[in-house]
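J.: Okay, here's what each chain looks like letter by letter:
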Amino acid sequence: MTEPLRVALADDEPLIRRWLEETFRDMGHLVVASAANGRELVEACLTLRPTLVVSDIRMPVLDGIEAALAIARDAPAPIILVSAYHDEDLIARATASQVMGYLIKPIERPDLETAVAIACRRFQQLCDAQRAAADLARTLEERKLIERAKGVLMKHAHLDEEQAHRRMQRMASDTNRKLADVARLILAAQEARDLFS
Amino acid sequence: MSFPVVPSQIPWWAVARRWLALYLPLSAVAIAAVAGVVWSRSRVEEALLRLNERDLVSLQSEIIESELRVLVSDLMVLAEGAALRSMLADPSPASEEAVRAEFRRFAQFRGVYDQVRFLNTQGQEVVRVNLVDDAAVLVAPQDLRWKGDRYYFVETLRLERGEVFVSPFDLNVEDGRIEQPLKPTIRFGTPVFDDRGRKRGIVVLNYLGDRLLYKLHRAGITAADHVYLLNPQGYWLKGPRPELEWGFMYASRRGETFARHYPEVWQELRKQRAGAVDTPAGLFTWQYVHPLSAGSRASASLHVRGARGKDPASSYYWVIVSHVGPKILTASRDRLLGVLSPVLGGILVLLGGGTWFLARYRMERQQAVRGLREQELRFRQLAEALDEVFWMTTADGTRFLYVSPAFGLLWERDPAELIASPQLWQEAIHPEDRAQRSEALRRLPQSGGFDIEYRLLLPDGRQRWIWDRGFAVRDEQGRLLRVAGLAEDVTSQREAQERRVATERLAAIGEAMAGLAHESRNALQRSQAVLEMLARRVQGRDDALELIAELQRAQYYLRDLYEQVRTFAATPVLRRVPANLVALAQQTWDDLLAARNGCHARLLLEGDQPVPICSVDPHAMQQVFRNIFENAIEAADGQANPCAPSTLPAVRCSHQSTDHERTPHSMPTMVVQTPSTEAVVHLSWTACEHAGRPAWRLAIRDEGPGLSPEQAQRIFDPFFTTKVRGTGLGMAIARRLVESHQGRISVGDAAAGAEIIIVLPAEVS
Numbered sequence: 001m002t003e004p005l006r007v008a009l010a011d012d013e014p015l016i017r018r019w020l021e022e023t024f025r026d027m028g029h030l031v032v033a034s035a036a037n038g039r040e041l042v043e044a045c046l047t048l049r050p051t052l053v054v055s056d057i058r059m060p061v062l063d064g065i066e067a068a069l070a071i072a073r074d075a076p077a078p079i080i081l082v083s084a085y086h087d088e089d090l091i092a093r094a095t096a097s098q099v100m101g102y103l104i105k106p107i108e109r110p111d112l113e114t115a116v117a118i119a120c121r122r123f124q125q126l127c128d129a130q131r132a133a134a135d136l137a138r139t140l141e142e143r144k145l146i147e148r149a150k151g152v153l154m155k156h157a158h159l160d161e162e163q164a165h166r167r168m169q170r171m172a173s174d175t176n177r178k179l180a181d182v183a184r185l186i187l188a189a190q191e192a193r194d195l196f197s
Numbered sequence: 198m199s200f201p202v203v204p205s206q207i208p209w210w211a212v213a214r215r216w217l218a219l220y221l222p223l224s225a226v227a228i229a230a231v232a233g234v235v236w237s238r239s240r241v242e243e244a245l246l247r248l249n250e251r252d253l254v255s256l257q258s259e260i261i262e263s264e265l266r267v268l269v270s271d272l273m274v275l276a277e278g279a280a281l282r283s284m285l286a287d288p289s290p291a292s293e294e295a296v297r298a299e300f301r302r303f304a305q306f307r308g309v310y311d312q313v314r315f316l317n318t319q320g321q322e323v324v325r326v327n328l329v330d331d332a333a334v335l336v337a338p339q340d341l342r343w344k345g346d347r348y349y350f351v352e353t354l355r356l357e358r359g360e361v362f363v364s365p366f367d368l369n370v371e372d373g374r375i376e377q378p379l380k381p382t383i384r385f386g387t388p389v390f391d392d393r394g395r396k397r398g399i400v401v402l403n404y405l406g407d408r409l410l411y412k413l414h415r416a417g418i419t420a421a422d423h424v425y426l427l428n429p430q431g432y433w434l435k436g437p438r439p440e441l442e443w444g445f446m447y448a449s450r451r452g453e454t455f456a457r458h459y460p461e462v463w464q465e466l467r468k469q470r471a472g473a474v475d476t477p478a479g480l481f482t483w484q485y486v487h488p489l490s491a492g493s494r495a496s497a498s499l500h501v502r503g504a505r506g507k508d509p510a511s512s513y514y515w516v517i518v519s520h521v522g523p524k525i526l527t528a529s530r531d532r533l534l535g536v537l538s539p540v541l542g543g544i545l546v547l548l549g550g551g552t553w554f555l556a557r558y559r560m561e562r563q564q565a566v567r568g569l570r571e572q573e574l575r576f577r578q579l580a581e582a583l584d585e586v587f588w589m590t591t592a593d594g595t596r597f598l599y600v601s602p603a604f605g606l607l608w609e610r611d612p613a614e615l616i617a618s619p620q621l622w623q624e625a626i627h628p629e630d631r632a633q634r635s636e637a638l639r640r641l642p643q644s645g646g647f648d649i650e651y652r653l654l655l656p657d658g659r660q661r662w663i664w665d666r667g668f669a670v671r672d673e674q675g676r677l678l679r680v681a682g683l684a685e686d687v688t689s690q691r692e693a694q695e696r697r698v699a700t701e702r703l704a705a706i707g708e709a710m711a712g713l714a715h716e717s718r719n720a721l722q723r724s725q726a727v728l729e730m731l732a733r734r735v736q737g738r739d740d741a742l743e744l745i746a747e748l749q750r751a752q753y754y755l756r757d758l759y760e761q762v763r764t765f766a767a768t769p770v771l772r773r774v775p776a777n778l779v780a781l782a783q784q785t786w787d788d789l790l791a792a793r794n795g796c797h798a799r800l801l802l803e804g805d806q807p808v809p810i811c812s813v814d815p816h817a818m819q820q821v822f823r824n825i826f827e828n829a830i831e832a833a834d835g836q837a838n839p840c841a842p843s844t845l846p847a848v849r850c851s852h853q854s855t856d857h858e859r860t861p862h863s864m865p866t867m868v869v870q871t872p873s874t875e876a877v878v879h880l881s882w883t884a885c886e887h888a889g890r891p892a893w894r895l896a897i898r899d900e901g902p903g904l905s906p907e908q909a910q911r912i913f914d915p916f917f918t919t920k921v922r923g924t925g926l927g928m929a930i931a932r933r934l935v936e937s938h939q940g941r942i943s944v945g946d947a948a949a950g951a952e953i954i955i956v957l958p959a960e961v962s
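Going down the list, the sequences are from chains A and B.
Just so you know, the first sequence maps onto residues 1 to 197 in the numbering used here.
Just so you know, the second sequence maps onto residues 198 to 962 in the numbering used here.
Be a bit skeptical, because a hint or two may be false.
[Said to hold, decoys possible] The following label-pair restraints were derived from C-beta to C-beta distances:
| hint | chain 1 | residue 1 | chain 2 | residue 2 | range |
| --- | --- | --- | --- | --- | --- |
| 1 | A | Tyr-85 | B | Ala-780 | 27 to 35 Å |
| 2 | A | Ala-137 | B | Leu-771 | 39 to 47 Å |
| 3 | A | Pro-60 | B | Glu-708 | 21 to 29 Å |
| 4 | B | Glu-708 | A | Arg-138 | 54 to 62 Å |
| 5 | A | Gln-124 | B | Pro-902 | 50 to 58 Å |
| 6 | B | Gln-783 | A | Gln-124 | 31 to 39 Å |
| 7 | B | Ala-751 | A | Pro-110 | 15 to 23 Å |
| 8 | B | Gln-806 | A | Pro-60 | 56 to 64 Å |
Honestly, the hints are just simulated from the structure, not real lab data.
If you're wondering where the values come from, they're calculated on a predicted model, not measured in any experiment.
Note that CB positions come from ideal geometry on N, CA and C, so glycine has one too.
Here chain A stands alone, though its shape is the one from the complex (with noise of 0.2 Å):
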C-alpha cells in the first residue's frame, strides 16, 4: 500500500460499521468518518474530503446512491457502495451514479481489498482524464479565440496571417502574456472599438 486512504464510511449497522473501520484501519488506512447515513456521510465528505468512501446503499435519511451523487459533485472521491441487493433499479441507479465498485453481502476482507485498490485506480484514471478533457477543451478554445483575434488583425493592420500571428507572438512575449490573453484583449479592444463607432 503505497499511500495511507483517508475513508469515509457509511452503514446503518453499527457492527458493521466497527468491523469496516478495524478491517481498513488494518489494512493501514485512516477511517476519517463513519456515518450512519447518506446525510451524514455528505457533510463529512464535505469538511473532511476523504480519498475513499465505502457505504452501504440502504440507509435512514439518504440512501447510498444519493450521497454517492451528492458527493461525486461536491467532494469527487472513489465511492464503494456495499449492498445486501442488487436489483435491476438499484444497479441502474447505481450504475447512473459514478459509483467504482458494488459489492453484494456478505462481503469479506479480501473483497474488500481488492474492490479498494480497483476503485481507487480507476477514479485515479477517471480524474486524469477528466484533467486531459479540460486541457484540451481549453486548448481549443484559446485556439478559437487566436483564430479570431488574428482575423480582427487581418482586417484592421492590413496583415496577411503569417504577419497577424507573429505580431501577435510578438505582442505577447513584450507584455509577458499568454497568446490566448493577447488574444483576448484584441478581441476586447474590437468590441470596445464597435461599440463607440
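Once you have looked at the hints, place chain B on chain A.
T.: Chain B alone, transformed into the frame defined by chain A:
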C-alpha cells in the same frame, strides 16, 4: 337419454312395393278361390247337365216307345175287334154300321189318330173315321177312296197275322200333296183275317205325330236348346227350325240333314246307340229309339215290320238328340261368374285397401322399430365412447339396468358381473368412503341427485379417485323411476390438483426462500464481520482460529446454499447472445477444475459436426453445465474417488464465484488429497429438431454407476439429492434455465453412466 329421431317420410313407392308384395299373393288366392268355386261348380253343373241330358233322351225314348206300344195295342184291338170280325163274317149294313160306330167311338176316345180306316183287300176304304177338330167324323161312303197303290196298303197286305206295319214318320199326303198345315203322321197297319182265316183287308191307323212331337217337346223343356228327332238317314223329324225338318219330303230340302250340319256328331252318333259328345257347337246327347222292337215287346206274337225293311227291329229307328248349345253349357259358369265377379271385385278392392293400410302400418312400425334401434345404437355408441361410466339403476338403486363398458376400465371388473351382482360397485369403494355413496343414494329421492367423490380400492391395491354423479329420473307424476349417473376417473385431476397445490406451496416456499436468502445476506454479513474481528482478536491462538475456520466454512456453505435457493427461486433474466455451446462447456469445465484444485478429470469432446451455436445467456448456460459437470465428477467420485470428497459445497454460483482457498489470511488451508484415477466426462453433440425447429442436442455422460429409475425420474425435482452434501437444487436450476431457453433437458438412456441430454433451439443464421 332421448335422442331426436329424424322423422323420415315413407315414400309412396316404398309402401306400394310392400303393398304389392302383400296384395298380389292375396288377390291371387282370392281369384283362385273364386275361379275354383266357379270351375268346380260349373263342373258339377256340367256333369249334372250331362246326366240330365242323358236321362232326358232316355226318358224321351221311353215316352216314344211306350206311346208306340199303346198304338200297336190299339191297332191289334181294332183288327181283332168283335165288330169287325162279325162284319167280315156277315157283311150286312148293320154289321158295317157296328164297325163304323166302333171305329168312330175308338177314334173319338183315343183322340190321337187322324184317321182310323179299314180297307178291303183291293185297297178300297171301307170304313174311315177322320179326326176333325178333336171330333171323330165318319167319312161318307161316297167320299171313301181307293188306296190300293199306296205303299202302306201294299206293305201291310203282305203281312201275316199278328204282324204290324209301321210306316216311316213322315208328313201326311192327301191327294198327292203334302197336307197343310203339316200333319206329321205314322201309319200303323195290320192285316185283318176272317174267322176262316182268310185275309180280308187291313186296318190302318194314321197316328198324329204332332202328339208325339209335342210330348217330346214337353219332356224336352230342360236346359237343352233343342231336342231333335232324327230318322236313320239323319233327316230332322224335329229340328232346330221348321224349315230344316222333314227334308226328305221336299225335293228342295234334300240336303238338310243333321249329318250335314254336325258331321262330327253324326260320326259319333252312328257308332253308338246312346252317348254324348262335346263339340264346339255344344253338347250333343243321343239315344236310339226302336219303336218296332218296342211294339214287339208288347206282344210276343206280334211281328212288327218296318217300311221296306228286311230287319225291322234294327233298321227302323229314330234318334233322339238333345243339343245343348255352348252358351247353355257355359251359362252356369257365366251366371256364377256374374254373381261372383262383383263379389270378387269387392273382395279385391277391400283387400287392396286393407293391405295398403297394413303395408303402411308395417312400414311405419318397421321405421319406428328401426328408429328405436338407431336410437338405441346411438345411445350405445355414445355410452360406449364415453370414458365415463354411464350407469342406470332401479329407483332403489339395488339393481343395475345399464352400465357402460367404461366400468370395466375403471373398476377393472366385468360390467356383466355388475349386472348380476350390483353390490360389486359398492364393494369396490374404499371402506372409508363407502358410507358416502350409500348415504347419497338413500337421500336421492329427496335430494334429486348427488355429486360425490370417493376412492376405489382396486384388486391389486391401487387406488383410483372416482367422481360419481347421480340423477333422479322421474315420471310425469314425479315418481322416482330410475337413477342415472356418470362416474368418472378423476385420479389424474386429483393428482394434478395435488401437484398444483404442491407446486403452489413450492412457489410460495421459493418466494419465501428468495426473500429469506436475500435477507440472510445482512445476517451473513454481520456474522462474517464478527468472524473476522474475532479472528483478529485471537491472533496466535491456533485452537481458536481452527474453530473460527470451521465457522467460516459453515458460513460459506450457508451463503452458497442461500444463493442457490435465490437463483432457483428468482425468475431467470436472460441476456441471449449467439454462443458456441461447446466452447461454453469447455470454459465452464476449465473453471470448475481450477476451482477444484488438482482434481483429475477430463472432458472428452465427441462431435465433429459444426459446433453448436445457440442463442443463449452464457452465464445461465455455464451454470447449467457447471451443475451437470459437478454431478458427473461426483458420480465418478463414488466410483474411483478421483477427487477427494470435497468438504466444500459442490455447486457454486459463477458470478459470485469465490476461491475456496481464499480464507482469511491467517486461517489454515485445507490439504486436499489428490488421487491418481481420472474421472472422464463425455460431451457429444448432434443436430436435431425440437418443436419443429432445428436444434442442437448435447449429451453429457459420466462413467459412474448411472441413475436408478427413481433417480432418473426425480433428478430434476427441486431438493432431490443423492449426495450427502448439496442443496438438491443443481439439476432443478439447470432444468429451469434450459427450459427458459425454450430447450429441454432430460435423462438419456446411455448403457453405462448417467447421461443428461440438453436440447436447445439452434441459432438460425
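J.: Please check whether B:Ala-751 and A:Pro-110 have a Cβ separation lying inside 15 to 23 Å.
T.: Holds, at about 19 Å.
J.: If I claimed the Cβ atoms of B:Gln-783 and A:Gln-124 lie 31 to 39 Å apart, would that claim hold in this structure?
T.: 37 Å, holds
J.: Measuring from beta carbon to beta carbon, are B:Glu-708 and A:Arg-138 in 54 to 62 Å?
T.: The hinted range 54 to 62 Å holds for B:Glu-708 and A:Arg-138, with Cβ atoms some 56 Å apart.
J.: Confirm or reject the claim that A:Pro-60 and B:Glu-708 have a C-beta distance inside 21 to 29 Å.
T.: Distance hint for A:Pro-60, B:Glu-708 holds at roughly 27 Å.
J.: Note whether the CB distance of A:Tyr-85 and B:Ala-780 lies within 27 to 35 Å or breaks it.
T.: 33 Å Cβ-Cβ, so the 27 to 35 Å window holds.
J.: Is it true that the C-beta distance of B:Gln-806 to A:Pro-60 lies inside 56 to 64 Å, as the hint says?
T.: Cβ of B:Gln-806 to Cβ of A:Pro-60: about 60 Å, so the range 56 to 64 Å holds.
J.: Can the suggested window of 50 to 58 Å be confirmed for the beta-carbon pair A:Gln-124 and B:Pro-902?
T.: 56 Å, holds
J.: Look at the Cβ atoms of A:Ala-137 and B:Leu-771 and judge whether their distance stays inside 39 to 47 Å.
T.: Hint holds: Cβ distance 42 Å, inside 39 to 47 Å.
In summary, this structure violates none of the numbered hints.
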